[in-house]
Amino acid sequence: DQQVKQNSPSLSVQEGRISILNCDYTNSMFDYFLWYKKYPAEGPTFLISISSIKDKNEDGRFTVFLNKSAKHLSLHIVPSQPGDSAVYFCAAPNAGGTSYGKLTFGQGTILTVHP
Amino acid sequence: NAGVTQTPKFQVLKTGQSMTLQCAQDMNHEYMSWYRQDPGMGLRLIHYSVGAGITDQGEVPNGYNVSRSTTEDFPLRLLSAAPSQTSVYFCASSRDIDQPQHFGDGTRLSIL
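Sequence order for the protein chains is X and A.
Residue 37 is where the first sequence starts when you use my numbering, and the numbers rise one by one after that.
Residue 644 is where the second sequence starts when you use my numbering, and the numbers rise one by one after that.
Since the hints were made in silico from the structure, they are not lab data.
Note that beta-carbon positions come from the ideal geometry of N, C-alpha and C, so glycine has one too.
There could be a bad hint or two in this list.
As the list claims (entries may be wrong) - Covered by chain X, per the in silico footprint, the following chain A stretches (three or more residues, Cβ under 8 Å):
1. 656-669
2. 681-687
3. 691-702
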């Protein structure tokens with residue numbers, strides 16, 4: 037049972053435009069959500085997180101939005117750059133709370149930013 | 644500044660062989676974990692450790708053993724490799740369980 041789902045396997049965007057990556061979850065006990073970025077032949081790198089008590093968290097070009105009623109979150113990248121091309125994973129602590137060490141991951145979305 | 648180091652980067656095994664995947668971190672992190680990544684399934688937690696001498700099972704522990712004799716090292720053992728264990732394995736660490744993790748670059752394992 038996939039508790040965290042990323043239904044878009046890939047996304048292609050022009051440089052300078054906005055990239056929107058989506059994630060849905062089924063477990064209402066999830067309190068925190070994280071986004072990881074992964075380049076080929078490298079491990080995932082933590083990008084940004086959001087607590088369930090917020091509906092938005094911003095860090096430079098990256099903003100994560102959370103809609104608890106819809107059990108949906110999204111990562112916005114503005115403006116998109118070719119270096120943002122990577123696989124993006126949505127994740128949540130599977131024990132609830134802030135146990136980031138025990139994560140449930142989505143399937144990932146491959147983002148390609150064209151020059 | 645090594646961070647999390649995994650060895651080997653690639654390995655091919657025959658069914659039934661045993662192997663240990665090595666993971667070492669130099670950040671004095673208490674929490675370490677192992678994940679496997681399979682196509683279309685994201686990363687899944689195999690085992691984790693909250694400190695030296697303490698380990699516990701994750702989501703997919705069957706077929707794998709771990710031990711944590713030191714803070715720095717967290718090896719993952721396959722006792723009798725099966726084709727279903729063909730995957731990319733990632734080790735991760737963090738200062739404690741409530742901090743985002745640092746991942747190694749992975750070990751790509753193929754079981755024939």
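Numbered hints the structure breaks, given as an ascending list = When the structure is compared with the hints, only number 1 turns out to be violated.
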